[in-house]
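Visitor: Respectively, the protein sequence lines represent chains A and W.
Following my numbering, the numbering of the first sequence begins with 1 at its first residue and continues without gaps.
Following my numbering, the numbering of the second sequence begins with 1 at its first residue and continues without gaps.
A couple of the hints might just be wrong.
[Claimed, not checked] Just a few of them, taken from the derived set where beta-carbon distance is under 8 angstroms, the chain W residues facing chain A:
no.	residue
1	Leu178
2	Ala363
3	Thr582
These aren't lab readings, by the way, just hints derived from the structure by calculation.
Built from N, CA and C at the ideal position, the CB exists for glycine as well.
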Amino acid sequence: MTRKQRRLTMIGGSLAVLAVAAALVLNAMRDSIVFFSTPVMVAEKHIPAGRRFRLGGLVEKGSLVHGADLAVTFKVGDGGATLPVSFKGILPDLFREGQGVVAEGALDASGVFRADTVLAKHDETYMPKDVADALKKQGHWKDDYGGKSQAAQADQNAQGASRAAQGVPQ
Amino acid sequence: MIAEAGHYALVLALALALIQSTVPILGARLHDPALMNVARSTALAQLLFVGGSFAALVTLHVTSDFSVVNVFENSHSLKPLIYKITGVWGNHEGSMLLWVSILALFGGLVAAFGNNLPLSLRAHVLAVQAWIASAFYLFILITSNPFLRIANPPIEGRDLNPVLQDIGLAVHPPMLYLGYVGFSISFSFAVAALLEGRIDAAWARWVRPWTLLAWIFLTLGIAMGSYWAYYELGWGGWWFWDPVENASLMPWLAGTALLHSAVVMEKRNALKVWTILLSILTFSLSLLGTFLVRSGVLTSVHAFATDPERGVFILLILCIFIGGSLSLYAWRASALKQGGLFAPISREGALVLNNLFLTTACATVFIGTLYPLALEVITGDKISVGAPFFNLTFAPLFVPLMIAVPFGPLLAWKRGDLLGAAQRLVAAGVVALIAIALLWAWTLGGSTLAPLAIGLAVFVIAGALSDLVERTGLFRLPLGTALRRARGLPRSSWGTVFAHAGVGVALIGIVCETTWNTEYIGSMKPHDVAHVAGYALTLDGVRQRQGPNFREMIAQFTASLDGERLSVMTPSKRSFTTRGSTTTEAALLTRGASQLYISLGDTAADGEIAVRIYHKPMVLLIWFGPVLMAFGGMLSLSDRRLRVGAPKPARASRQLQPAE
């Protein structure tokens with residue numbers, strides 16, 4: 001083979017791998033990306049039952065009910081609307097009423113959000129980023145959250161310190 | 001006084017770095033050895049001053065001097081000594097100081113051990129190191145000074161984030177930084193080569209040990225971080241595809257590619273331009289990782305926009321260094337002479353394939369990590385890209401790479417014989433097929449993918465071993481000869497075997513853990529028994545204990561298998577009064593490479609505790625694999641050929657080509 005042919009083989013091979021990778025990425029983008037919503041956005045957008053998304057907001061005070069066998073229900077609100085959430089499993093250490101939460105799951109036919117994952121960052125002063133942004137947008141932002149979230153940010157260690165602690169479904 | 005001394009030492013280090021950035025370059029232009037040698041002394045002096053500055057901060061933390069903001073915010077007088085020390089880098093300012101200390105350490109090492117480098121190359125390399133150092137000294141002094149005082153010192157500190165009060169913090173960040181920052185050396189060498197417009201095989205020989213050293217630390221750092229997350233966060237996950245983790249995985253992937261392309265360059269004088277590019281990219285990804293973690297952009301795009309000082313500063317450093325080095329590359333790379341020719345089927349070809357897949361995999365991680373950020377900045381839509389994305393992109397790209405791994409070392413340089421290599425891998429292939437068949441029969445009706453993936457891992461391990469068998473002539477030659485040959489084998493060949501086998505070992509662990517992991521979640525009261533994977537776990541009782549700076553609730557479990565009592569496990573929940581937060585301390589019981597894992601949830605009003613119990617088969621292999629890889633790297637590093645300052649070896653044993 002001449003130098004040119006060899007180079008063409010290499011370039012062709014590289015392009016083939018890159019094309020495959022691009023196809024994989026586009027395919028994964030279509031299937032595995034989860035959008036984030038707040039209760040207000042859920043009400044406005046009419047998200048169909050069964051479509052997975054992330055719900056973020058504040059856990060309404062006094063709404064947490066422990067059922068039998070680790071089942072829990074609580075309401076998530078963002079100042080404009082609230083949405084009932086049901087979850088079965090262990091809630092993360094930092095799950096508290098009145099604090100921010102992000103849950104992943106889908107709506108069922110009756111309009112209850114069935115979460116299979118509940119996320120809370122492990123720092124008690126931490127407001128999940130998506131929740132903070134959404135609250136700011138809607139004008140429900142309290143300044144003390146800002147101070148807190150910056151403190152939390154300073155706590156972030158070199159690596160890995162700020163991983164989400166997760167409630168794992170049963 | 002100590003704080004001021006530390007601050008002053010840091011300013012002096014900046015001054016030294018500024019001298020080191022300019023004078024040696026000037027010396028190289030004027031061909032003045034005296035000016036070029038300035039680099040050596042300034043690099044060593046810089047190390048001394050930064051070291052002093054770091055020691056000052058450690059002293060402040062150890063003596064709990066709460067008049068310093070950094071100590072007040074991250075320490076507590078009751079904290080155990082080890083966490084007082086590790087707490088130094090458990091916060092933004094301190095960890096940046098650790099970052100520059102390690103940078104100075106590497107610069108100092110090059111200065112101290114680089115006596116066999118051509119004078120002008122050493123001058124250039126150290127000057128580039130000093131550019132990076134100056135930028136980060138400025139960053140610390142302007143935006144993140146750890147030595148600031150408080151006007152009215154409080155009597156007690158706010159304590160360190162409880163999750164960080166763990167031995168993991170002592171090891172993980174320093175290791176990771178040694179890896180991240182270690183790649184600055186190959187970056188500096190690459191930029192120096194571009195500045196000088198000259199690069200040869202000797203260059204690769206100097207770069208390789210540094211790359212290897214950084215890679216070993218990064219491998220161990222990532223593995224350590226993963227294990228830390230596994231036992232500390234309390235839900236048994238070991239990799240989350242979290243942006244912070246991806247930030248460390250990307251330099252690792254690029255660094256692994258660099259390691260392999262440097263081999264081609266050293267041996268065959270080919271792939272020069274590509275190796276230079278990879279050196280630049282690897283360190284750029286390290287800088288990107290620093291930016292992602294340190295700027296707060298991951299916590300919130302808004303935090304970044306409202307408090308832009310730090311973020312914008314690092315972004316600026318990022319743009320200058322990445323943009324500058326890539327522009328230099330575009331401008332000067334064509335001046336570098338083309339290297340040796342090789343056929344697509346050859347050792348070089350295999351290493352190119354390795355590079356292709358590693359960099360492509362790295363690119364998919366890059367997209368998955370940065371796409372949500374970019375989308376949010378551009379359209380305001382918020383999405384999360386999680387594990388499913390990476391499983392669908394990263395995993396398929398790794399499969400062909402894994403299949404190719406055993407072939408590489410068996411192919412000859414320049415022109416290889418694929419059929420011959422395949423024949424020599426027949427034994428490995430058969431072993432893999434037997435493994436697949438056995439597993440498939442054993443788990444009949446279960447996952448079909450898992451036995452195949454384990455078969456692939458077995459193929460990689462067996463392939464690495466058959467390379468060893470091939471080289472030593474084991475089974476073909478008398479045992480004595482084989483042993484003699486094994487002793488004579490270059491250490492780098494042994495390194496290859498261990499590192500490649502490590503990849504297979506880790507894959508087995510990953511597949512077993514994700515496929516056959518069993519879990520039990522429920523609420524238990526004393527004397528309840530939970531059954532998980534054949535083990536019976538009895539909750540004996542719950543007690544309270546007072547720790548140095550926390551209270552903890554300890555639950556005691558007795559684990560037994562088939563009625564035989566094995567051990568007592570004591571998971572706990574700690575509440576830290578100063579910060580008003582709780583952490584979950586999981587209890588682990590190791591059985592071979594598998595583990596039982598218990599972590600506690602909330603206690604209900606009636607005294608029942610929510611409990612999470614996992615049985616994780618072969619989970620330890622996930623971390624044993626990287627340890628093997630790092631061990632392989634160390635063997636390779638100790639190879640006579642690569643030892644710093646070692647003379648060129650005689651060209652006697654050509655037929656025993658090390659495989660790397």
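Visitor: Does each hint hold? Answer for all of them.
Guide: How the hints compare with the structure:
1. Leu178: At about 12 angstroms, which exceeds the 8 angstroms cut-off, the nearest Cβ of chain A leaves the hint on leucine 178(W) violated.
2. Ala363: Check passed: Cβ of alanine 363(W) comes within 7 angstroms of chain A, closer than 8 angstroms.
3. Thr582: Cβ of threonine 582(W) sits 5 angstroms from chain A, so the hint holds.
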